[in-house]
Amino acid sequence: TQLLEQSPQFLSIQEGENLTVYCNSSSVFSSLQWYRQEPGEGPVLLVTVVTGGEVKKLKRLTFQFGDARKDSSLHITAAQTGDTGLYLCAGPYDTDKLIFGTGTRLQVFP
Amino acid sequence: KAGVTQTPRYLIKTRGQQVTLSCSPISGHRSVSWYQQTPGQGLQFLFEYFSETQRNKGNFPGRFSGRQFSNSRSEMNVSTLELGDSALYLCASSPGYDVRLAKNIQYFGAGTRLSVL
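Protein chains in written order, with this note's numbering: chain A, 6 to 115; chain B, -15 to 101.
Simulated from the structure, these hints should not be mistaken for laboratory data. These numbers come from a predicted model, not from an experiment. All C-beta atoms in this analysis are idealised placements derived from N, C-alpha and C, irrespective of residue type, glycine included. A hint or two may mislead.
[What the hints assert, rightly or not] For the chain B half of the interface with chain A, some residues (derived, Cβ under 10 Å), not all of them:
1. Val(-12)
2. Tyr19
3. Leu27
4. Gln28
5. Glu32
6. Asn40
7. Gly42
8. Leu72
9. Leu74
10. Cys75
11. Asn88
12. Tyr91
13. Phe92
14. Gly93
15. Gly95
16. Arg97
[Claimed, not checked] Computed cross-link-like contacts, SDA-like style, restricted to lysine to any residue with a CA-CA straight-line distance of at most 25 Å:
17. A:Lys75 - B:Tyr81
18. A:Lys64 - B:Ile89
19. B:Lys(-3) - B:Phe44
20. A:Lys64 - A:Gly90
21. A:Lys75 - B:Arg84
Same shape as in the complex, but just chain A (with noise of 0.2 Å):
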């Protein structure tokens, strides 16, 4: 079974601060995705990544896809209230199924 775990758990911080948040697999995936998911809502995507080793920046948002595609990580420059939510990584498997992440629940104060 793959599973995928990520880390933190749970995620403490101040407007401003930096984080990373890490997605680990000891399986290969072909693409890892990362949503938000925000209270009363369901996740949102935010970037795919598909290439080992890949970096995208999404404004404030830098994801990493690791070179032997088993992981992957998202760090956020200087942290603000409305990142605050659940983000979820996500892998594909026997090709149309989708298994997600343990969750990081990311709270940021003002």
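Using the hints, position chain B against chain A.
Relative to the frame of chain A, chain B by itself:
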């Protein structure tokens, strides 16, 4: 383009009852997946329907069932509700797996929060 719509948003039931949740996917999406989200177990895959056929199934008991209609709308049913079924049930639609781009993007609805008393 309208997003994924789930109804109702909130539901309160008692043990032993049954419940039906509804999901309208994004127009043109033929794949609909259902997930259960709880604080302890995270987001777990229930099943996926494509063109009215259940294509994939997660590791849930037979009390959880679903169906998809010809217009791609989907319903999920839970019979003989248990306290542990209290969760946020999410529906996601997808245009399908993109082989060239190696990705399967899911578009989620806001969910139905089910509370079993």
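Exercise. Which hints, by number, does the structure contradict?
Worked result: Checked against the structure, no hint fails, so every one of them is satisfied.
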